[in-house]
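There are 2 protein chains.
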Amino acid sequence: MASEAHPKARPSQTRLSSPAIGTKRAAGGDKREAILDAALELFVERGFFGTAVPEIADRAGVGAGTIYRYFESKEALVNAIYRQQKLHFANVVLDGFPRAANTRELFRQLWMRMAKFATENTNAFIFLELHHHQRYLDDESRAVENRMLDLFTGVVTQAQARGELKLGPPRLLMGLVMGAFVGVTRSCVEIDQALDSADWKLAEQCIWEAVRS
Amino acid sequence: MASEAHPKARPSQTRLSSPAIGTKRAAGGDKREAILDAALELFVERGFFGTAVPEIADRAGVGAGTIYRYFESKEALVNAIYRQQKLHFANVVLDGFPRAANTRELFRQLWMRMAKFATENTNAFIFLELHHHQRYLDDESRAVENRMLDLFTGVVTQAQARGELKLGPPRLLMGLVMGAFVGVTRSCVEIDQALDSADWKLAEQCIWEAVRS
DNA sequence: GTCTTGGGAATGAATGTTCATTCCGTGAAA
DNA sequence: TTTCACGGAATGAACATTCATTCCCAAGAC
Numbered sequence: 000m001a002s003e004a005h006p007k008a009r010p011s012q013t014r015l016s017s018p019a020i021g022t023k024r025a026a027g028g029d030k031r032e033a034i035l036d037a038a039l040e041l042f043v044e045r046g047f048f049g050t051a052v053p054e055i056a057d058r059a060g061v062g063a064g065t066i067y068r069y070f071e072s073k074e075a076l077v078n079a080i081y082r083q084q085k086l087h088f089a090n091v092v093l094d095g096f097p098r099a100a101n102t103r104e105l106f107r108q109l110w111m112r113m114a115k116f117a118t119e120n121t122n123a124f125i126f127l128e129l130h131h132h133q134r135y136l137d138d139e140s141r142a143v144e145n146r147m148l149d150l151f152t153g154v155v156t157q158a159q160a161r162g163e164l165k166l167g168p169p170r171l172l173m174g175l176v177m178g179a180f181v182g183v184t185r186s187c188v189e190i191d192q193a194l195d196s197a198d199w200k201l202a203e204q205c206i207w208e209a210v211r212s
Numbered sequence: 000m001a002s003e004a005h006p007k008a009r010p011s012q013t014r015l016s017s018p019a020i021g022t023k024r025a026a027g028g029d030k031r032e033a034i035l036d037a038a039l040e041l042f043v044e045r046g047f048f049g050t051a052v053p054e055i056a057d058r059a060g061v062g063a064g065t066i067y068r069y070f071e072s073k074e075a076l077v078n079a080i081y082r083q084q085k086l087h088f089a090n091v092v093l094d095g096f097p098r099a100a101n102t103r104e105l106f107r108q109l110w111m112r113m114a115k116f117a118t119e120n121t122n123a124f125i126f127l128e129l130h131h132h133q134r135y136l137d138d139e140s141r142a143v144e145n146r147m148l149d150l151f152t153g154v155v156t157q158a159q160a161r162g163e164l165k166l167g168p169p170r171l172l173m174g175l176v177m178g179a180f181v182g183v184t185r186s187c188v189e190i191d192q193a194l195d196s197a198d199w200k201l202a203e204q205c206i207w208e209a210v211r212s
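Protein chains in written order, with numbering that gives the first Met the number 0: chain A, 0 to 212; chain B, 0 to 212.
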């Protein structure tokens, strides 16, 4: 019931990156990728329940039945996307994160790495935001989420102990920062125009001043 | 197609407030209210497409057909809720708003009024957040949204001109503030515990420091 | 007072549609 | 020839909406 790889499928590997630069008919016939991409787009446009499986098939350029060769169910599909993108996000943010740096630099890195992900994968970011905490996410997907949350909570608590962040419930500060980030991202999605580097830096400076002690 | 009041219905009035303190069987038999309340709850819990009309009827304690005496369709129902709550929100935030006050006070008022609404109508606030910009909202509903947006844009631009807010795209600053507010609200919904007044004040101070020049 | 009756409110089973999922014929590869 | 990925029509379940019927009650008749 919580299987990531469908028994019938024979995926080359569970890859986490790959914007698929291949030719029209990619090597090995990457239907799986096409389905994941199409479903991501549609779930962002119409939501999970608002999207019909045959629509996904159409956009992916495959038959409706083919989806079930790769995913056990619509629910398994949305969970696969969620985990894939959440892990991708975690990679972009955490890989080689300079833990030893001072809090100011830590914060800048965090913000700019999130900005990098949100700029290069806007749809994926909105997808994660939209499906956060939904009923149809399984335990595995929630676990991925919680791991990141715990990590950040630790960082915030330590920085507070050192007097570098404002005191207050860590959840509140984190909610504030993440919320602001989402708000900024959406404000540019709504006018369909990517933020430039200067805007991201401005926003970063703003939110740093919000949380610094 | 964009009718607010359904022809067959005979609503006493289009009321915007009224938490219904009446007896069990309210005066006039307020089925309409019961339907609106039940639908609001369910749309927050499961989303628009995730909620079946008969479920709404069950929770409202009416027959499925009754819903169609008051609303033309499921879509008309969600639009009615959206407008009702958006206008309620606008009332709470804007009624007697001290426009002449200085920017710091203006901001404090804005934040605390939003906090008041979000505390007293948490479900409604989440509903508005969730259904913001959805496909099934009609032009009228969008107009309500845009009116508020324009108003705030004006306030921000003026405050920037007076050198009291950081310079930058008004949309970005507003997205940041609203996003942070939503983030703070959610952070407490997720642990199912209302924020106390001190927490709201802390958050307010944080975000003021984020946007002040 | 009791009884009757007209009409609108309310109901929930019935209807037609849409959807997730399955099934089977086809064609390419080995 | 066998195998197997594939497509898309077929299937059955769930859905939004409708409608024939019931229920309620106010107002008249007695």
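Just so you know, these hints were derived from the structure itself, not from any lab.
Among the hints, a few may not be true.
For chains that are exact copies, the list does not tell them apart, and a pair is met inside one copy or across any two.
Lysine to any residue pairs mimicking SDA-like chemistry, simulated, CA-CA at most 25 Å apart [what the hints assert, rightly or not]:
no.	residue 1	residue 2
1	K73	V61
2	K115	E44
3	K115	P168
4	K200	R58
5	K30	S72
6	K165	D191
7	K165	V188
8	K165	E104
9	K200	R146
10	K73	L109
11	K200	R82
12	K73	D149
13	K115	L93
14	K200	D36
15	K73	L150
16	K115	E71
17	K73	E139
18	K165	R68
19	K73	E44
Results of checking the hints against the structure:
Taking the shortest Cα distances, K73 and V61 sit within 25 Å of each other inside one copy (15 Å), while across copies they are farther apart (32 Å). Proximity of K115 and E44 under a CA criterion of 25 Å is satisfied intra-copy only: 22 Å inside one chain copy versus 32 Å between copies. Proximity of K115 to P168 under the C-alpha cut-off of 25 Å is restricted to the inter-copy arrangement: shortest distance 20 Å between copies versus 28 Å within a copy. Taking identical chains as interchangeable, the C-alpha atoms of K200 and R58 are never at most 25 Å apart, the minima being 36 Å within one chain and 48 Å between chains.
When the C-alpha separation of K30 and S72 is checked against a cutoff of 25 Å, the pair qualifies only within one copy, where the shortest distance is 16 Å, while the shortest distance between copies is 38 Å. For a Cα distance limit of 25 Å, the shortest separation of K165 from D191 across copies, 23 Å, qualifies, whereas the shortest one inside one copy, 34 Å, does not. Taking the shortest alpha-carbon separations for K165 and V188, only the inter-copy value of 22 Å comes in at or below 25 Å, while the best intra-copy value is 31 Å. In this homomeric assembly, K165 and E104 come within 25 Å of each other (Cα to Cα) both inside a single copy, at 16 Å, and across copies, at 22 Å.
In this assembly of identical chains, K200 and R146 lie within 25 Å of each other by CA distance neither inside one copy nor across copies; the values are 27 Å within and 29 Å between. When the C-alpha separation of K73 and L109 is checked against a cutoff of 25 Å, the pair qualifies neither within a copy, at 33 Å, nor between copies, at 42 Å. Taking the shortest alpha-carbon separations for K200 and R82, neither the intra-copy value of 29 Å nor the inter-copy value of 36 Å comes in at or below 25 Å. Taking CA atoms no more than 25 Å apart as the test, K73 paired with D149 passes in neither setting, with 29 Å inside one copy and 40 Å between copies.
In this homomeric assembly, K115 and L93 come within 25 Å of each other (Cα to Cα) only inside a single copy, at 12 Å, whereas the closest approach across copies is 37 Å. When the C-alpha separation of K200 and D36 is checked against a cutoff of 25 Å, the pair qualifies neither within a copy, at 30 Å, nor between copies, at 43 Å. For a Cα distance limit of 25 Å, the shortest separation of K73 from L150 qualifies neither inside one copy, at 31 Å, nor across copies, at 42 Å. When the C-alpha separation of K115 and E71 is checked against a cutoff of 25 Å, the pair qualifies neither within a copy, at 33 Å, nor between copies, at 45 Å.
Taking the shortest Cα distances, K73 and E139 sit within 25 Å of each other inside one copy (16 Å), while across copies they are farther apart (34 Å). In this assembly of identical chains, the alpha carbons of K165 and R68 never lie at most 25 Å apart, being 51 Å within a copy and 54 Å across copies at closest. In this homomeric assembly, K73 and E44 come within 25 Å of each other (Cα to Cα) both inside a single copy, at 16 Å, and across copies, at 20 Å.
The structure does not agree with the numbered hints 4, 9, 10, 11, 12, 14, 15, 16, 18 stated previously, though it agrees with the rest.
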